Amino acid sequence: MSTGENVAEAVEIEQLSRTYQRKRDEQPRLALDHVELRIQSGEVHGLLGPNGAGKTTLCKILSTVLLPTSGTVRVAGHDVVTETDAVRRLIGIAFGGERGLYTRLTARQNLMYWSALYRQSSREARTRVGSLLHRVGLADRADERVETFSRGMKQRLHLARALVGDPRVLILDEPTVGMDPVAARDFRVLVGELRTEGRTILITTHDMAEAEAVCDRVSLIDGGRLVATEDPRTIGRWLSAYERITAEVVGSDLADRLQQLPGVAAVRTEGPGRVIVETDAEGACAEVLRVLVGAGVTSISTGRPTLEDVYLKVVGDRGLVVR
Amino acid sequence: MRLFWASARFQALKLRHSLDDLMVLVTLPLFTIAFMAIVTEAGRFDLAPYAVVGTGIMAIWSIALFVSGEIIDSERWNGTLDATVAAPASLATIVLGRIAVVTLISLFGLAESAFAAWAVFGVWVQVHHVGVFLLTLACTFFAMVGTAMIMSGFFVLARSAVQFQNSMSYPFYVLGGVFVPVAVLPGWLQPVSKVVFLSWAADLLRDCLQPAPVTQVLLRLGIILLLGAVAMAIGYVLIRRVLHRVRHQGTVSFT
Ligand SMILES: Nc1ncnc2c1ncn2[C@@H]1O[C@H](COP(=O)(O)OP(=O)(O)O)[C@@H](O)[C@H]1O
Ligand SMILES: [Mg+2]
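Read top to bottom, the protein sequences are chains Z and B.
FYI, in the numbering used here the residues of the first sequence are 1 to 323.
FYI, in the numbering used here the residues of the second sequence are 1 to 255.
These aren't lab readings, by the way, just hints derived from the structure by calculation.
Predicted, not measured: the structure shown is a model, and the values here were computed from it.
All C-beta atoms, glycine included, are put in the ideal place defined by N, C-alpha and C.
You can take every hint at face value.
Derived DEER-like restraints, expressed as beta-carbon distance ranges:
no., chain 1, residue 1, chain 2, residue 2, range
1, Z, V81, B, L157, 21 to 31 Å
2, B, A12, Z, R99, 18 to 28 Å
3, B, V26, Z, E144, 23 to 33 Å
4, Z, D186, B, R245, 33 to 43 Å
Modelling step: build the complete structure from the supplied sequences, incorporating the hints.
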C-alpha cells in the first residue's frame with residue numbers, strides 16, 4: 001500500500017465505557033472501563049479474556065446492538081451510535097454458542113432468510129448461500145434441519161451467517177466454543193482465507209492457543225479493562241514462563257528449598273504435604289522438577305497456568321512498572 | 001419489499017415445522033360444535049352465524065395473541081434478536097411480514113367453523129353479501145395485523161407478559177362482541193367496545209351471513225381500517241421502544 005493512501009482504521013475505540021444496571025436501585029456494574037483499541041484494516045485481532053471480562057459487551061457495542069455509556073466507537077470511520085445503518089452494512093457478527101439459529105429450519109433456509117436482511121436479491125442470495133455452505137463445509141447437510149446438527153456444525157453455520165452480508169469487518173464472539181479439534185483447525189484455515197480477502201476480524205476467545213494460531217495481535221481484557229495489546233508470540237512467551245507444578249508428598253523443608261530457587265514465584269501448601277509451585281521465568285520449571293525428583297517425590301504434575309493467572313501476572317507487572 | 005416477503009416466507013416455513021403453533025385450528029371445531037349444539041337445541045337456527053363467526057374470530061384472535069404476539073419474544077429466547085438488530089433491516093418490517101402470514105392463515109378459522117357447523121349439524125351458513133364479506137375480511141386482516149404489532153411489542157416490554165397474554169383473550173371476546181353483539185352489553189361497556197375493532201368486524205361479518213341488506217358498509221369498513229391503522233402506528237412505536245430498550249439495557253429485561 002502506498003504511503004499516500006489514507007488507510008482508515010477498521011475499528012477505533014476511544015475511552016469506551018459501558019455500565020449495566022438491572023434495577024433502578026441497584027449499583028451500576030462496570031462491564032467496560034475506558035477501553036482504547038485500534039484495529040487496522042485487514043488485521044485479525046484477538047480479544048482474550050476470562051468469562052465476564054467484557055468481551056461480549058464490546059462485540060455488541062461494535063455491532064450497534066448495545067450503546068456505549070461513554071466514549072466513541074467507529075467502524076470504518078462510521079460512528080456506531082449515530083451511523084448505525086452504515087455500520088450494519090459493513091459488519092458481520094456471530095455470537096457463539098448453540099443458540100442464535102432457527103433450529104427447525106434447514107441450514108439453507110436459515111441463510112436465505114438472513115441474506116434478505118442484508119438486502120440481497122433472491123438470485124444473489126441463492127448463489128451466495130450456496131457458496132457459503134460449501135465454504136464452511138456444510139454443503140452436503142445444507143437441506144437438513146439445524147436441530148440435527150452437532151455443536152460444531154452449528155458453529156460453522158453461525159460463521160456462514162455472519163458472512164452472508166459480505167462484511168468488511170467480521171466480529172466473532174467465541175466462535176470455536178464446542179468445536180472438535182478438526183473443526184477448530186478448519187476454522188483456523190477459514191480465518192486465514194478471510195484475512196487474505198482483506199477482511200478485518202475481531203475474535204474473542206478464552207483459548208490462548210487459538211489466539212496464538214490465528215491472530216496478528218491479541219488484546220488481553222479482564223474486568224472490563226484492556227490490560228495489554230501484544231503480538232501473540234509475546235503472550236505465548238509469558239505463558240511458557242509461567243508454569244504451575246503440583247507435587248505430593250512434600251515436607252516443609254523441601255517446600256522452603258523450592259521457595260529459594262530462582263524463578264519460583266510462589267509456593268503454596270494445600271492440604272497435608274501437597275504443594276503448588278508457580279514459576280515466572282523460563283527454565284525455572286525444569287529446576288523445580290529436578291529438585292523434587294532428587295528429593296524422591298514421585299507424584300508430580302505440571303500444567304500451563306490458566307489465563308487468569310497470566311492476567312494477574314501481567315496486571316501485576318504493569319502495576320510495578322507504573323509505580 | 002423484499003424484506004417483507006422474505007420475512008413472510010420465513011414465517012410460513014417456520015409454521016410448517018411447528019404446527020403446535022396452530023393447535024387452535026385443531027381444537028376450533030370443538031368450540032363451534034359446542035356453540036352450535038346450544039343453537040340447535042334451542043331451535044334458533046337464525047343464531048348459527050353467531051356460533052360460526054364467534055368461534056372463527058376467537059381462533060383468529062387467539063392465534064394473534066399466542067403466535068404473532070410472541071414473534072419478537074421468541075427471537076429473544078432463540079438468541080437471534082441481537083443478530084437481527086445488528087442487520088441493516090427494519091425489525092418492524094420483519095415483524096410485519098411475519099404477522100401478515102400468521103394472520104392470513106388464522107382467517108381460515110372462519111371457514112373451518114362454517115365447515116364444522118355444516119359437517120356436524122348440517123347447518124350451512126350462507127354468505128348473502130359476498131362482496132361486503134370479502135371486503136370485511138380484508139379490513140379485518142389489516143386491523144388484526146396492526147393489533148398484533150401492538151401485541152408483539154407489548155409482550156416484550158410488559159413486565160409480566162404471560163399474564164397479560166392470558167387475560168387478553170376472553171375480555172376481548174366480550175368487548176369485541178364476538179359471541180353476543182355489543183348492543184346487548186351493559187351500556188357502560190359499549191363505548192369501550194367501540195374502539196375494539198373486533199366489535200365492528202364481528203357485526204359486519206354476521207350481517208353478511210343474513211339476508212337483510214347490510215347498512216352503512218363504507219362507514220363501518222372505514223372504522224375497522226382506521227382502528228387498524230392506529231393500532232399499526234402504536235405497534236411501530238412499541239417496536240421502536242423494544243429496540244431502544246435492547247440497545248440501552250443490553251437486554252429486553254426479564255425483570
Ligand atoms: N445485560 C446485562 N445486564 C447486566 N449485566 C450484564 C449484562 N450483560 C453482561 N453483564 C455483566 O457485564 C460483565 C461483562 O459481561 P460480558 O461482556 O458478557 O463478558 P464476557 O463476554 O467476556 O464473558 C459481566 O460481569 C456480566 O455479568
Ligand atoms: Mg461472552
